[in-house]
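Protein chains in written order, with my numbering: chain A, 1 to 132; chain B, 1 to 831.
Hint data in this document are derived by calculation from the structure and do not stem from the laboratory. One should not assume that every hint holds.
[Claimed, not checked] Straight line, CA to CA, 16 Å or less: simulated EDC-like cross-link-like pairs of lysine to aspartate or glutamate:
hint, chain 1, residue 1, chain 2, residue 2
1, B, Lys-2, B, Asp-99
2, B, Lys-586, B, Asp-608
3, B, Lys-385, B, Asp-359
4, B, Lys-539, A, Asp-14
5, B, Lys-791, B, Asp-608
6, A, Lys-24, B, Glu-812
7, A, Lys-96, A, Asp-113
8, B, Lys-538, A, Asp-14
9, A, Lys-76, B, Asp-546
10, B, Lys-85, B, Asp-268
11, B, Lys-696, B, Asp-719
12, B, Lys-52, B, Asp-41
13, B, Lys-557, B, Glu-820
14, B, Lys-813, A, Asp-113
15, B, Lys-86, B, Asp-99
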Amino acid sequence: MSNQNWFHVCSVQDMPHNGGVCVKYGEHQIALYYFTHRNEWYASQNLCPHKQQMALSRGMLGSQQGEPKVACPFHKKTFSLKDGHCLNDEACSSIKVYDVRVKGGEVYIDVKDMDQQAMVHAHRQETVSPNI
Amino acid sequence: MKVVVIGNGMVGQKFCEKLLSKGIPDLQLTVFGEETLAAYDRVHLSSYFAGKTVEDLTLQPVKWYEENGIDLRLGDPVQEVDRLKKNVTSFEGLSIAYDYLVFATGSAAFVPPIPGVDKHGVFVYRTIEDLNMIWRHAATAKTAVVIGGGLLGLEAAKACLDLGIKDTHVIEFAPRLMPRQIDEAGSEILIQKLKELDITTHTGKNTAAILGNETIKGMIFTDGTILSTDMLVISAGIKPRDELARACGLTVGPRGGIVVNDHMITNDEHIFAIGECALHNSMIYGLVAPGYEMADVVATQLAGAAKQFPGFDMSTKLKLIGIDVASFGDPFISGDEARTIVFRDNHRGIYKRINFSNDGKELLGGVLVGDAEAYNMLLQICKNKMALPPDPMDLIIKAKEGSADAGAGVVALPDDALICSCEGVTKSDICNAVTEQGCETVDAIKKCTKAATGCGGCAPMVKDIMVHTMKQQGKLVRNVLCEHFGYSRQELYDLVKLRDLHSFDEVLDTLGEGDGCETCRPAISSILASLWNELIVKKESATSQDTNDRFLANIQKGGTYSVVPRIPGGEITPDKLLVIAQVAKKYNLYTKITGGQRIDMFGAHLNDLPSIWEELIEAGFESGHAYGKSLRTVKSCVGSTWCRFGLHDSVSYAIRIEERYRGLRSPHKLKSAVSGCIRECAEAQSKDFGIIATEKGWNLYVCGNGGSKPQHALLLATDLDSETCIQYIDRFLMFYIKTADPLTRTATWLNKMDGGIDYLRNVVVHDSLGIGAELEREMQLLVDAYQCEWKNVVETPELRSQFTHFINAPKEKDPTVQFEAMRDQKKAATW
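Chain A with its partners taken away, still in its complex shape (with noise of 0.2 Å):
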């Protein structure tokens, strides 16, 4: 693979087993999996298409028939890790998967998609009304 761009994330140790985290990196934010059980690592974009929820990060890990899948927390739409696929609602979209690298204890994930990449979350405000 060419031009990969490799962005260090956190220790192994600071992972939750069979479960994700969400990481930052610029404006994007992206859903890195320790699947413990099988021992792969996954990561796909953080945001749930079905209903723009920042979610996935929080969704339970499982299979299907062997494929390792990821069910978001709000409706329960599941999501393949290899290909983004939804598993079980052929009219939702997609989610982008990105690759995965440990070396030395240390977690890493694959950007070089996600500077050209229209930023997910490009149809929200980015800011908070502090007061409202």
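Using the hints, position chain B against chain A.
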């Protein structure tokens, strides 16, 4: 081929579906509808008042017609048919040519010529527009009268009940209710049942005039009696909509209806009529199933095949106002031609009648009121001329109608037995769906065959046939959790306890396969919590909890959480109220009083949860477990300390109950309430367990439920002292926790229990299984193991650190969270 359909009712819509499925090339289908709404489910019209929306009732959205190339013209009735030129002209002046024209104009309500029917407050019951008008008028009405004690009339009476009218009357001209379907004795039972619902029935009554000036005030009958009322709904029968057919010279019957032959063809070979406007063999069919069959007859012929309408069985089963009513075959045959067996239970309100041939071999028909569970089987026996048992009485009186019997019943059915008459699905269609299409759930069969998608009445039989077919193939039919566990929840509960397993991965590796999923993870987590009551947010457990349990708060729109501290019995000091107010202001939270007498604070960032709870715990609050499948609240009325009617101190008892069972993890959430007297201000009878004070102690009710399908709790035991009441609740809750399926509330659990409340009472009160002491011991272990989860998190740094949004920027909150202002507070931005 150019086909024009006049009418977009249930039958007209079904015709479109059937015609599309034939795949006729170059089909141009135009549909004219008089109403402005696309075809909707008129059979379940009264559910509109019970909360269904127009969308729920709509058969197919307008988009469906577009997607299938159907030119649907709503609110534009056809005004003229030119049979020579073969074209139709609509109200809006559109002129469309046809090769074939289909009348599906349905029927209108028949309004008898009673003086005064034009007064304000007099309605018919036919369309959603009628319902809207009734709805508006009913807001100020205290009394309602329905003319017509048939099917539709009783539906209309139910609608009046749903609209909150307490005093409803049904007037029937015939000497009994539902004269076409049931006999005198069946009618008596039905009248008695209606009376229990405050519906008064007047049979053999003929309305002479409607009283009042502009608005109805009452009615006078031919026997001189008068009945005051605020509104009247006329549902005395139907009148075929044949005026257009008449105008274009089609033959109509002497009392209305477009005359058709067995091919549904009128006297013009290019024009068909189907549904309630068609007069077949001197008969108007006022049911939807025969209309669907007619639609299929016409669609099949247009596709070039032969098909005839053979006439239709008028057997029917309905749930009227919650009462099962069914009749099949010839319900009334008697005398020399047949023998009859009647079962009548005035106490429970059940009436069953079967008529069979003199030689005892053939079932000819019957009536069921109050309990129609046997209907599907009886109908099949009757239609297929199946052999009767030596004692035909066994057909209607069984010790218990277990599933084994039903299973044995479907075996005897011939392959061509029609199981779903709405969609014309036979037994062999369902068997094939299982053996060839691999359908192994009722949903899969519905999708594959369309069986049980119409009225749904055949669903239990579809399931029996499916289960039986699967068994025949040697497939094990088991109530298993998901693809990762070949056990039911009850089996897993016992196995996890037996093997002493304490984490999801241990359970998965010992008893399951694969990697788990969003179904089994929370179910196993719940079992582990119910068994051991250990902290659920430990590192190895947290990620197998639903998100609400993982972060000990309820996730809301936009990804923020809500916070609910426990307020036992709904009692709170002014000081604690101040603390809630301070915390809510400090963290900018929206506050709302919940239905369970607590205060919910919304809009908390994940990062803020530990600090919020630190402050709450400091002030003496503890977790309210609003996020868990666990005990929520024990609601209470103010009780004898303040209330002049109160018999006992319901608040103190509610607090005691809430503190005993707080944090108890169960298959689904648990709600409770304690009322201080029979006025029941705490609404204990809508709870999973509810307690009501009596002169002598407490009455304990169990398995009630609000929510989408409300169900009243049933009385388990009476006049208990406080200790015995808790003892019974201990047993009841543990028995539920050990045996219920995942996400099954106590009401559903009881509904599925063989023997029902009597069995449950035997187990809990009479200790028929001899497990009472064990259940109490297990409950005491859980009670003793209670700890406030939030106190644990707040005091443990490594648990606290899980409450961050970004792992690599722990202090930053989710920047995409967004609020909007509303009534001086905030709300989540809309998605």
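Taking the hints in turn, this is what the structure says about them:
1. B:Lys-2 to B:Asp-99: 5 Å, holds
2. B:Lys-586 to B:Asp-608: 11 Å, holds
3. B:Lys-385 to B:Asp-359: 13 Å, holds
4. B:Lys-539 to A:Asp-14: Status holds; Cα separation ~11 Å.
5. B:Lys-791 to B:Asp-608: 15 Å, holds
6. A:Lys-24 to B:Glu-812: Holds, because 9 Å separates the two Cα atoms, which is no more than 16 Å.
7. A:Lys-96 to A:Asp-113: Cα-Cα ~10 Å, so holds.
8. B:Lys-538 to A:Asp-14: 14 Å, holds
9. A:Lys-76 to B:Asp-546: With a Cα-Cα distance of about 10 Å, the restraint between Lys-76 of chain A and Asp-546 of chain B holds, given a limit of 16 Å.
10. B:Lys-85 to B:Asp-268: Holds, because 13 Å separates the two Cα atoms, which is no more than 16 Å.
11. B:Lys-696 to B:Asp-719: 5 Å, holds
12. B:Lys-52 to B:Asp-41: 11 Å, holds
13. B:Lys-557 to B:Glu-820: It holds: about 12 Å lies between the C-alpha atoms, which stays within 16 Å.
14. B:Lys-813 to A:Asp-113: Distance of about 25 Å is beyond 16 Å: violated.
15. B:Lys-86 to B:Asp-99: 7 Å, holds
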